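Q: The task is simple: from the sequences and hints, build the whole structure.
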Amino acid sequence: MHNQISILLSKEMTEGFRTHRFLIWTIICGFFGILSPLSAYYMSDILALIGSTQSVQLTITAPTYRDAVDQYVKNFTQLGSILVIFLAMGSVAGEKVDGLLQLLVVRPIPCRSILCSKILAMVFTVCSGLGVAVILSSLYAWYLFPGFPVIPFVKSNLLLMLYLVVITVMTISVSAMVEKPVVAGLCSMGLWLLFSMSGSLGGFGEYSFTRLGSEMIRLTQGFSISLKPIVSSLVILIGGSGGALISLNRWEPSQ
Amino acid sequence: MMAMIEVQHITRRYHEVDALKGISLSVRQGAVFGFLGPNGAGKTTLIKILAGLIKPTLGSFRINGVTNAATKKYVGYLAQHPSFYPWMTGRELLRFSGELYGMSSTEIGQRILELLELCGIQHAADRRIGGYSGGMVQRLGIAQAILHRPRVTLLDEPVSALDPVGRKEVLELITRLREETTIFMSSHILEDVQRVCDEVAIVSHGSIILHGEVKPLLQSHARPRMSLEFATSTDARAFLALMASQSVVGAAESDFRVAIAEDDYRTSYPNIMRMLAEHDLRVVSIGRQSATLEDVFMHHIEERNHA
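Protein sequence lines correspond, in order, to chains A and B. Just remember that my numbering sits 1422 ahead of the position in the first sequence, which is counted from 1. Just remember that my numbering sits 763 ahead of the position in the second sequence, which is counted from 1.
Honestly, the hints are just simulated from the structure, not real lab data. What you are looking at is a predicted structure, and each value in this text was computed from that prediction instead of being measured. Backbone N, C-alpha and C define an ideal beta-carbon position, used for all residues, glycine too. A few of these clues could be false.
[To be verified] Now the stretches of chain B that chain A is said to cover, found in silico as 3 or more residues with beta-carbon under 8 angstroms: (1) 812 to 820; (2) 999 to 1013; (3) 1023 to 1032.
[Stated by the list, open to error] Quick list of the computed label-pair ranges, beta carbon to beta carbon: (4) A:I1557 x B:G897: 44 to 50 angstroms; (5) A:R1488 x B:G865: 50 to 56 angstroms; (6) A:Y1464 x B:S896: 41 to 47 angstroms.
[Claimed, not checked] Restricting the straight-line Cα-Cα distance to at most 30 angstroms, the calculated cross-link-like pairs of lysine-lysine (DSSO-like) are: (7) B:K978 x B:K931; (8) A:K1602 x B:K835; (9) B:K835 x B:K784; (10) B:K818 x B:K784; (11) A:K1577 x A:K1496; (12) B:K818 x A:K1602.
A: Below, the structure is given as structure tokens:
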């Protein structure tokens, strides 16, 4: 089974490279990584410029690394999440539509190997893109904001990584449960919005994985973090993968 | 000879509709088996069950003596509309397929060379599959299906999407394959099946209505006929009307051609000749047409529909 996963993973990775999925995600991550500290740093100048042209008096505080981290987290937890859903929504459902999944299912391969390779390949893509963003963002923030806590920032990115991995696994799982990529995309988007809305509430909302973004900011600033969103993330990862596996084992190509 | 495929009372239900109704059949080792039937008869459903893609609602099957999921390693499968990763090259797809069957790298390399030549796609081996023509995809599909030397190769309508040249080439390829694998193919192109298959089963509305070897079937079920070609369509129609008045059954094959069962032709020969002469009906040619699988097929399908 190990060997089969490595063969399938190699295929998934090659597909990611040849269809430019990997490249697109990495470029966007790199862009977010550079944009976040730059926009935070120059935002006051931009606003001051706008104020002077409009003859408006604006009081703007000096930018800090916290603004850069806020911007960075917002970029990834909003646009980044949508992009991850977009990249992962067709991973299983797309192959069902194209008739490619039956090419695998007809061979003596367990469905868990197929699912595992798809998840691992997407997680690798997401994490390596995020890695590029961490490097670029740290460099720019360190240069622009004296006293930028590089090590805590890098560590706190593990929470952001978990956030994106949850979205990846959730989308792939939905993709394994439905027949069309668009449906998978819409359902995943709906789930993500649901978790985001519940995350803004107190009580049970504290368990929403979408709280990982704010926990990341707290960690960068040196505060302790709540483990509740981490626990819920692990539940989603296990539950989502399990549901997807059951669904894939039951899947039959349409007539 | 041992049965390579044994199907026992397989039923498959889709939303209250039985696509297959208790089908049983066996295919001997080394045979080229044709599974015939009109569209929607259940051909693809049975092939998908044998390929392990769908599960039967009732019944079971054995391939090479083993049942259900364990059969996958003995089976090669070509879908009716095969699709492969467009970003892979033909060679890469074959290598990927071989690796999934656990073949060694050396064995895969040798087998790929062999199959690229056998299937006539060596010139396109390193091109992306996205740029392949329909015929090339079909040939690549056959290559990936037999790469691991399966005991049974399941081909679902392998030539239906091809042009005449492609059809001929693929049929020749299937004929060559009989030496290394048992072939189970579905088709509704009866001429092709007659050309390559040793055994056939005709399926209609999910049930097998005829099963046997092709030659004995043709001898016992098909009736050879005489075909008369007339100079004008008016002559052909007039002849048909005269035949009806004489209680001889004839059928219009086209505007100019009339077919009569060979037995009837022999019995009514003097009458036919007299009619032609008396009414000055100009016959261009008279020929004997051998029995075809199409006759057998049409006869049984019509019989079934009447029933």
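Q: Between the beta carbons of R1488 (chain A) and G865 (chain B), is the distance compatible with 50 to 56 angstroms?
A: Holds, since R1488 (chain A) and G865 (chain B) (Cβ atoms, about 55 angstroms apart) stay within the stated range.
Q: Quickly compare the C-alpha distance for K818 (chain B) and K1602 (chain A) to 30 angstroms and report which way the hint goes.
A: With a Cα-Cα distance of about 22 angstroms, the restraint between K818 (chain B) and K1602 (chain A) holds, given a limit of 30 angstroms.
Q: Has the hinted range 41 to 47 angstroms been met by the Cβ atoms of Y1464 (chain A) and S896 (chain B)?
A: violated (55 angstroms)
Q: Could you say whether the range 44 to 50 angstroms given as a hint is met by the Cβ separation of I1557 (chain A) and G897 (chain B)?
A: At roughly 47 angstroms between Cβ atoms, G897 (chain B) and I1557 (chain A) fall inside 44 to 50 angstroms, so the hint holds.
Q: Under a C-beta cut-off of less than 8 angstroms, do 3 or more residues of the segment 812 to 820 of chain B approach chain A closely enough to confirm the stated coverage?
A: The restraint on the segment 812 to 820 of chain B holds, since 5 of its residues have a Cβ under 8 angstroms from chain A and three suffice.
Q: Between K1602 (chain A) and K835 (chain B), is the straight-line Cα distance small enough, at 30 angstroms or below?
A: At roughly 27 angstroms apart (the allowed maximum being 30 angstroms), K835 (chain B) and K1602 (chain A) satisfy the hint.
Q: Measure nothing beyond the straight line between the CA atoms of K978 (chain B) and K931 (chain B); if it is 30 angstroms or shorter, mark the hint as holding.
A: holds (21 angstroms)
Q: Does the structure keep K1577 (chain A) and K1496 (chain A) at a Cα separation of 30 angstroms or less?
A: Between K1577 (chain A) and K1496 (chain A) the Cα gap is close to 17 angstroms, so the pair holds against 30 angstroms.
Q: Regarding the pair K818 (chain B) and K784 (chain B), is the alpha-carbon distance no greater than 30 angstroms?
A: With a Cα-Cα distance of about 14 angstroms, the restraint between K818 (chain B) and K784 (chain B) holds, given a limit of 30 angstroms.
Q: For the segment 999 to 1013 of chain B, do three or more residues have a beta carbon lying closer than 8 angstroms to a beta carbon of chain A?
A: Three-residue rule not met by the segment 999 to 1013 of chain B, so violated; n is 0.
Q: Could you grab the alpha-carbon distance between K835 (chain B) and K784 (chain B) and see if it respects the 30 angstroms cut-off?
A: holds (24 angstroms)
Q: Go check the segment 1023 to 1032 of chain B versus chain A for me, would you? Three or more residues, Cβ under 8 angstroms, otherwise it fails.
A: violated (count 0)
Checked against the numbered hints above, the structure violates hints 2, 3 and 6; every other hint is satisfied.
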